[in-house]
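A.B. asks: Given next are the chains, with one letter for each unit.
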Amino acid sequence: MNNTSIESTDLDSIQTLQAQLLSVLPEDCVITSSVRMAPYECDGLSAYKKMPQMVVLPESIEQVQAVMRACQQTKTPIVPRGAGTCLSGGATPHPEGIVLSVAKLNQILTIDEANRTATVQSGVRNLAISEAVAALGLYYAPDPSSQIACTIGGNVAENAGGVHCLKYGLTVHNVMQVKVVTLSGKVLTFGSETLDTPGYDLLALLTGSEGMLGMIVEVVVKLLPSPPMAKVLMAVFDDLGKAGDAVAQVVAGGIIPAGFELMDKPAIRAVEEFVHAGYPTDAEVILLCELDGIEADIEPQLSAVTRIFKECGAVDLRLAKDAAERTLFWSGRKNAFPAVGRISPDYYCMDGTIPRKSLAYVLRGIATLSEKYGLPVANVFHAGDGNLHPLILYDANTLGELEKTETFGGKILDLCIEVGGTITGEHGVGLEKVGHMCAQFNDIELAQFRQIRKAFDPDDLLNPGKAVPTLNRCAEFNGMHVHDGQLPHPELERF
Amino acid sequence: MANIERVLQARVAAAYQNASPLTIQGGGSKFVAGQANEIIDLTAHCGIVDYSPSELVVVVRAGTSLQELQKELSKNDQILGFEPPYADKGATIGGVIATGFAGSARPYRGGVRDYILGAKIVNGKGEVLQFGGKVMKNVAGFDLFRPMAGAMGSLGVLLEVSMRLIPKPIVQAARQVACADAQKGIELMSSLGKNCLSLTAAYWYQGYCTLRFSGSEQAVAHDVESLGEFSAVSVSQFVQLDHRQHPFFETALPIVRCSVKPAQSHLNFPDDQLIDWGGGQRFVATDTPITMLQEQLHSLGGSAVPLDVNRNYSPLALMPTSLADVHKALRSAIDPKRILNPIYCGN
Chain G
1 MNNTSIESTD
11 LDSIQTLQAQ
21 LLSVLPEDCV
31 ITSSVRMAPY
41 ECDGLSAYKK
51 MPQMVVLPES
61 IEQVQAVMRA
71 CQQTKTPIVP
81 RGAGTCLSGG
91 ATPHPEGIVL
101 SVAKLNQILT
111 IDEANRTATV
121 QSGVRNLAIS
131 EAVAALGLYY
141 APDPSSQIAC
151 TIGGNVAENA
161 GGVHCLKYGL
171 TVHNVMQVKV
181 VTLSGKVLTF
191 GSETLDTPGY
201 DLLALLTGSE
211 GMLGMIVEVV
221 VKLLPSPPMA
231 KVLMAVFDDL
241 GKAGDAVAQV
251 VAGGIIPAGF
261 ELMDKPAIRA
271 VEEFVHAGYP
281 TDAEVILLCE
291 LDGIEADIEP
301 QLSAVTRIFK
311 ECGAVDLRLA
321 KDAAERTLFW
331 SGRKNAFPAV
341 GRISPDYYCM
351 DGTIPRKSLA
361 YVLRGIATLS
371 EKYGLPVANV
381 FHAGDGNLHP
391 LILYDANTLG
401 ELEKTETFGG
411 KILDLCIEVG
421 GTITGEHGVG
431 LEKVGHMCAQ
441 FNDIELAQFR
451 QIRKAFDPDD
461 LLNPGKAVPT
471 LNRCAEFNGM
481 HVHDGQLPHP
491 ELERF
Chain Y
1001 MANIERVLQA
1011 RVAAAYQNAS
1021 PLTIQGGGSK
1031 FVAGQANEII
1041 DLTAHCGIVD
1051 YSPSELVVVV
1061 RAGTSLQELQ
1071 KELSKNDQIL
1081 GFEPPYADKG
1091 ATIGGVIATG
1101 FAGSARPYRG
1111 GVRDYILGAK
1121 IVNGKGEVLQ
1131 FGGKVMKNVA
1141 GFDLFRPMAG
1151 AMGSLGVLLE
1161 VSMRLIPKPI
1171 VQAARQVACA
1181 DAQKGIELMS
1191 SLGKNCLSLT
1201 AAYWYQGYCT
1211 LRFSGSEQAV
1221 AHDVESLGEF
1231 SAVSVSQFVQ
1241 LDHRQHPFFE
1251 TALPIVRCSV
1261 KPAQSHLNFP
1271 DDQLIDWGGG
1281 QRFVATDTPI
1291 TMLQEQLHSL
1301 GGSAVPLDVN
1311 RNYSPLALMP
1321 TSLADVHKAL
1331 RSAIDPKRIL
1341 NPIYCGN
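If you read the sequences in order, they're chains G and Y. Heads up: the first sequence begins at 1 in the working numbering, then just goes up one per residue. Heads up: the second sequence begins at 1001 in the working numbering, then just goes up one per residue.
For reference, chain G alone in the conformation it holds in the complex (with noise of 0.2 Å):
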């Protein structure tokens, strides 16, 4: 990133710009204080904290296209801004630039409940749309894991997913239409109400392009009737490599369920000591497994499910009797973070997706690195859909082991590529994942990445530095860093 310190003609062009936004916008949503942009100096990632230039809050689409027209003008740096959840530093402020935030376009504009769509500006929390329209019986389906804060712009940018993605998609799988704002301050609506758009799917290229493209305002979803009923199965096995199995032949097996995720015993016993879900503190490896529609329905895939898992050799199988004790299973996998965060003083927590059928040895391959690299490790998988969060136990304070979990994380997102996978699930590349891009995809591949960037950016304002590499990257930072405890946000649920 360019830390060159600000000269004096990037000083008057700063104080033009602030100038010229005060013309437009009222003074509240412009913020120029130390004190009053500290909040937006990170984002999840917090070990990378950057002073912007100024915070910018604008009100309407009118007040972000002037935003933007003045930022082409003056050639300053746009990193823009939902709720600041994102783990992967693609809303580090950048120092020469602004953050440019959606948190007050947060109106629900329309809920349309015969095309089963709502209209909502792009700072709107992801949660909030299903509670408002939860009484006409709908909902949205994404569900990534700070839904309570994160804003659907967000979601839009880094093509959130969540527990129930195998089933219900990503973010891209789940919204009909986008309205964007360029640099040059033109709105431009990518995708429609209808099921067929003329032209490129624009939607889908702009789903996931973590701020490089333009300034999204405003999003139409899908909505989806709320399933009836919802059972939860928890299965405890004593082999790894018998849950892979299982995972695998439910899947196989013609079952979509709903959620379906598994922990590793350090995982396992750091949830139970903090939440007490009854898991059992002395299994190897738990797998949750949700399934939903109507009961009809579900009776027989539970059956099914189960006689997989005893086939498999789980050695106890637990089905939650009531919505109380479904709550409590899942209150132990939603807290892995925060009960992991308990027992170590640093945590790093790594993004990556590999093919389900490769758990089994990626995690043999992370435990054999735990061992060389003398920092344990606890892993939470979505085996739903193969994305992995192994998270890394050490202490900061312990002279050269931050440098070692680095690397030992490096080491793992190796592990995901060798296999087939990726990177990054869903946590995005952001700051964080910039160096690994280059070892994801060749130089061509990163070459046409960059023209298509420029197609929209010639002068790189759009989130500089961020998800795609310039030709002399190589940052080897790739993962989230966690001090005592301190979780960014730690008031969300984690997955």
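Possibly wrong hints are sitting among the right ones.
To be verified - For lysine-lysine, the following BS3-like pairs were computed, each having C-alpha atoms within a straight-line distance of at most 25 Å:
hint	chain 1	residue 1	chain 2	residue 2
1	Y	K1194	G	K231
2	Y	K1328	G	K454
3	Y	K1328	G	K167
4	Y	K1194	G	K222
5	G	K357	Y	K1328
Claimed, not checked - Now the stretches of chain Y that chain G is said to cover, found in silico as 3 or more residues with beta-carbon under 8 Å:
hint	region
6	1082-1094
7	1226-1234
Treat the hints as calculated values from the structure; they're not laboratory data. Even glycine gets a Cβ: it sits at the ideal position worked out from N, Cα and C.
Fit chain Y to the known structure of chain G by using the hints.
C.D. replies: Chain Y in isolation, oriented as in the chain G frame:
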């Protein structure tokens, strides 16, 4: 099974050197008209590269016939959820993706692009690139593989595609009910879409609503029972519809495919109309100029295109200039000399 990737790459690279446009061809199952460019034929580049039923993923070369792929998937009781048509006419996977045509299940299961996990392409400069991969959750880099759906080859010659699969439904059942009023038909299909979780297809035509339910025996039985007095009909009606063999299509009039919000109230055209996709797709057999229909549909937030796919067709005229400019810029970033099916989003 054959891999002619090097040959294909060399041909595109040569075409780039000479700035000579190419017509990308698969099985020729869908096109009625073409351009007079040099043809690059993908059918020799075929075969299933990797198929993991337990991963619900298949990786397949673009020239593989849809029929062959469907046979393989069937052995493991898996299908392509979007039900692409024309397997019997020699459709290839490349063409399935490039045209983006999905069958009756579109509103209930998603479209072509919702099932693509990755793609290997040759771009307009003759470079081989790979995007996405074989896993569902993957947010590294621009997701260029999804926009390949419907791009008619203009964003790259498809070499290989990885696709997400779904389990084949255990049972399917179709029911029909008399519904003289098209508006009532639209409302019925909309309400069933909310209340019947196993609904996977619905259309209205000349006084009848026809519906399809797919899934487990229990799920289908539950939804069928909730209908009451509907008559049982064959599920093959939907296969017919997807292949444009339904009686509606036996007309000398041009057919226009209108895309609207599914609960859009009935469009009172005087002509014969088939309301498909639970209301979201409406076919009209009419000699009204399509530009008039396009204007009308545009004011409703929708669009209209001719049924017959044509290589001389470009949608840029249907959109605001600012959006057309983005299309051209994206295309230029991938195919700077406009050699890949040049007309689509070219000018």
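A.B. asks: Can the restraint linking Y/K1328 and G/K454 be considered satisfied, given a maximum Cα separation of 25 Å?
C.D. replies: holds (13 Å)
A.B. asks: Is Y/K1194 within 25 Å of G/K231, Cα to Cα?
C.D. replies: Distance of about 21 Å is within 25 Å: holds.
A.B. asks: Hinted pair, alpha-carbon criterion (25 Å max): G/K357, Y/K1328. Please report holds or violated.
C.D. replies: It is violated: about 41 Å lies between the C-alpha atoms, which goes past 25 Å.
A.B. asks: Compare the distance between the alpha carbons of Y/K1328 and G/K167 with 25 Å, and conclude whether the hinted pair is satisfied.
C.D. replies: violated (35 Å)
A.B. asks: Are Y/K1194 and G/K222 close enough, with their CA atoms no more than 25 Å apart?
C.D. replies: holds (12 Å)
A.B. asks: Can the region 1082-1094 of chain Y be counted as covered by chain G under the rule of three residues or more with Cβ-Cβ separation shorter than 8 Å?
C.D. replies: Answer violated; 0 residues pass the 8 Å Cβ test.
A.B. asks: Tell me if chain G covers the region 1226-1234 of chain Y under the three-residue, 8 Å CB rule, please?
C.D. replies: violated (count 0)
Of the hints listed earlier, those the structure fails to meet are numbers 3, 5, 6, 7, in rising order.
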